[in-house]
Amino acid sequence: MQLAVEARGADAVAVERLRRTAEALEREVARVIVGQQMVIRGVTIALLAGGHVLLEGLPGLGKTLLVRTIAGALQLHYSRIQFTPDLMPADILGTNVLLDSGQGRAFQFQAGPIFANLVLADEINRATPKTQSALLEAMQEQAVTVGTVGHALPTPFFVLATQNPIEMEGTYPLPEAELDRFFFKLHVGFPSRVELAQIVDRTTGPRPAAPTAVADGERVRELQALAREIPVASHVADYAVRLVLATHPELPEAAETARRNVRFGASPRAAQTIIMAGKLHAVLAGRVNVAFEDVRRVALPALRHRLILNYEADAKGVTADRVIAELVAAVPERA
Amino acid sequence: MHVERAPRLERAPSLAAPTDDVRALLRVLGRLRWRLGLERTLVFALRGLMLAAGTLIGLSVVAWLTRLDLPLEVSALPLAAALLLAVVRWPSTRQAADQADHRLRLAERLGTAVELTTTQPHPAGRFDRLQVRDALATARATPIGLLTLDTRLHREALLAALLVAGALGSRLLVDVPRPQLPGAEDTPSLSDAPPADVDRSLPDEALDGLSPLPSSDRLPAPSLPATSDPNLAAQVQQGQAEREALDQLSNALGQVSASQAAAEAIQRGDYAGASSELNHLGDNADQLSDAAKQQLAQALQAAANANSGDRQLADRERQAAQAFSRGAYAEQRQALQQLGQQLERSGARSVPADQLAREVGQLQQQQGQGQNQGQGNAQGQSGASQGSAGSAQSGQAASAAAGGKDAGGSGNGQQGAPGVGTGAGGDPLGDPNPRLSTAGQRVDVPTKLGQGPGVRPPTGNEDQAAANPSAGPRNVAENALPQQTGQVAPEQNLVPGEQRPVVRGYFR
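Chains as they are written, first to last, in the working numbering: chain D, 1 to 335; chain E, 1001 to 1508.
Calculated directly from the structure, the hints in this document are not laboratory data. Beta carbons are placed, not taken as given, at the ideal position from N, Cα and C, and that holds for glycine. Among these hints, one or two may not hold up.
Per label pair, the in silico range of CB-to-CB distance [stated by the list, open to error]: (1) E:Arg1140 to D:Ala10: 14 to 24 Å; (2) E:Val1088 to D:Thr319: 24 to 34 Å; (3) E:Thr1142 to D:Ala325: 23 to 33 Å.
Cβ-to-Cβ under 8 Å is the rule here; a few derived chain D residues that face chain E [stated by the list, open to error]: (4) Glu229; (5) Asn289; (6) Phe292.
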């Protein structure tokens, strides 16, 4: 979908470039990943918004391949960290190593695998909380502190973490503070019959196609800045704010479903996420303004990992997705 | 999160300054604003029309039932208020933009553009102008449909049409006869079968003629004695009240020469004729003088006020009085026609005089059975006098009530002379002042009828007792004796049938 013909000019070109780049990225990823259009769209939006994504799905659904494909399409430095219970923070961040140089011995910082543009944190819930917390500073500040020295991470910096929902033994649920750092939480579903057939065909035949580059890091930074310039009307922003407030059962704006099922509501980061994601969703829809529909579309991935359900909801088997769906239906567009 | 910003392009000028795009957007929004305003006005007007129609229906029904002259112009107030409210709540530009975004599915383009163009000057966003252009282009390309009107409004329009039709129909209630209200206004009709427990066969007793009491001197309605049949007493009361109402109407009409013929017809009991006379009077109402109209209006109003036995007749009298006091010819004509129609109906359902007299007599008998003490006062005077008012002998009563004409020229002075009774004793019919205390007193009873028309007893079962002219003066008891023996020639019974119960009571 293109903007109206009359809306031409440098600004229009810039927005059009943003949209085309995002679509091109999705096309390239779709050449490698079969199906999962919603996951691809969510990852694209999060990447262009400068956020991180938590992927949850069964093993073998292409989560790692997805991140690798994106890294290839955007020509970004990619690294993979396999989280295990014995993984130490230094294994992620890096450490100071005593090296013997010509002038004598000195400590030199050896960067860890986190120093990359695209970091795949595989099975992040298997690491200890201490190791998990090592990612907090990196994801929020895009810098790490080793000893007393801070080291900036490269930009753009994008963490795509995965977790397996079935292996509960020996796992450490992510703390709420770390969950809140993720822009989106996306569910990777099992492919359909047709999709599975395509997967088999692509992966068991001759060398699978490699993604072609659609942008680079510099372009990604430009597009991230462009996305922030998309205007959002006050009544639309108010709608997003009311959605977040409705998740808090202790507030007067709380929705009935939140009062029944939620223990702790979403943080202000959720409102930021919804607005940023809404801007990118609007651009992908061919608009230069955020609409109510954009807010509704991005509310689910933005909120599902930020709600803490109560015991009653767990006992009744109420999921966060269901609560969010009821909440979106209950909150009116205009106060 | 930290993102290294790319170098910005040259910023667009602030949108606070008017540009072609902004002006064009405002023009488009102006059209949308008018469209929305007119649609809202239509919505308000429909709802105001529904309220106004409902109000008019209510007022018409109330006016019909109560015969009050209610100001029907009040029903237009809701419509006027609705239109005024529509003007006051004329939509703003922002409201028009929001409504257009919602109904035309513009995804908040116009609302965002309005906000960007109306906010205070601040560093404008890079894509603000682009967004305004996009909104303008999309609004121009989208056909403007209905912004407010939806299917619900169709139902409201249908409801408004039905209410308006109902309101117009309610104006026709004027010509519809009011429903019979329950209670004292219920009058037995001739078609009603009499209760099985009421014995209407009364033996007639011969009595000498006594003039009936004028209707204007009618005694108050008697209270129900404990020993009498309440149904019968109620029927008697109702019948007396109806007769009284007809009398009063006759009196009122008799006050104006133009309606004298109708008054006389009522006195004769010719209600159809009276109705015809009223119709004729209505056709010629424009030829009456103002003084005559006012006099007739006052007389009819007085009759209506005094009428407590026939509510419908009173309403028609009141309506005619109002028509003659201020109305136009057409209204007067219609009022007299309706009065004549109602007169016919009232006369048709009123209890005949002889029947009323029999009922009174039966009631008297019931009272006499229940009370052993002397009831020698005139208990049945009121009943007999009322009964005679509407009977064929109404000429006497009417003449007595119409201003003191000679009651019948019998010369005995007892006709039309109510007298004041000196007898004591309670009156079971509520007569506080017994007419006569005839115990042991001589009563001169005329042996022949006066000049007025008299009514012989219709059946052979007549009171046989009569005063023997050849005999000397006898006391009441002696005169009554032949009644008990039944050995008097019928031709000597000079007392009209309806008056006999009255006279009979004298001798108790």
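Now the hints, each set against the structure:
no. : hint                              : in the structure
1   : E:Arg1140 to D:Ala10: 14 to 24 Å  : holds (22 Å)
2   : E:Val1088 to D:Thr319: 24 to 34 Å : violated (49 Å)
3   : E:Thr1142 to D:Ala325: 23 to 33 Å : holds (30 Å)
4   : Glu229                            : holds (4 Å)
5   : Asn289                            : holds (4 Å)
6   : Phe292                            : holds (6 Å)
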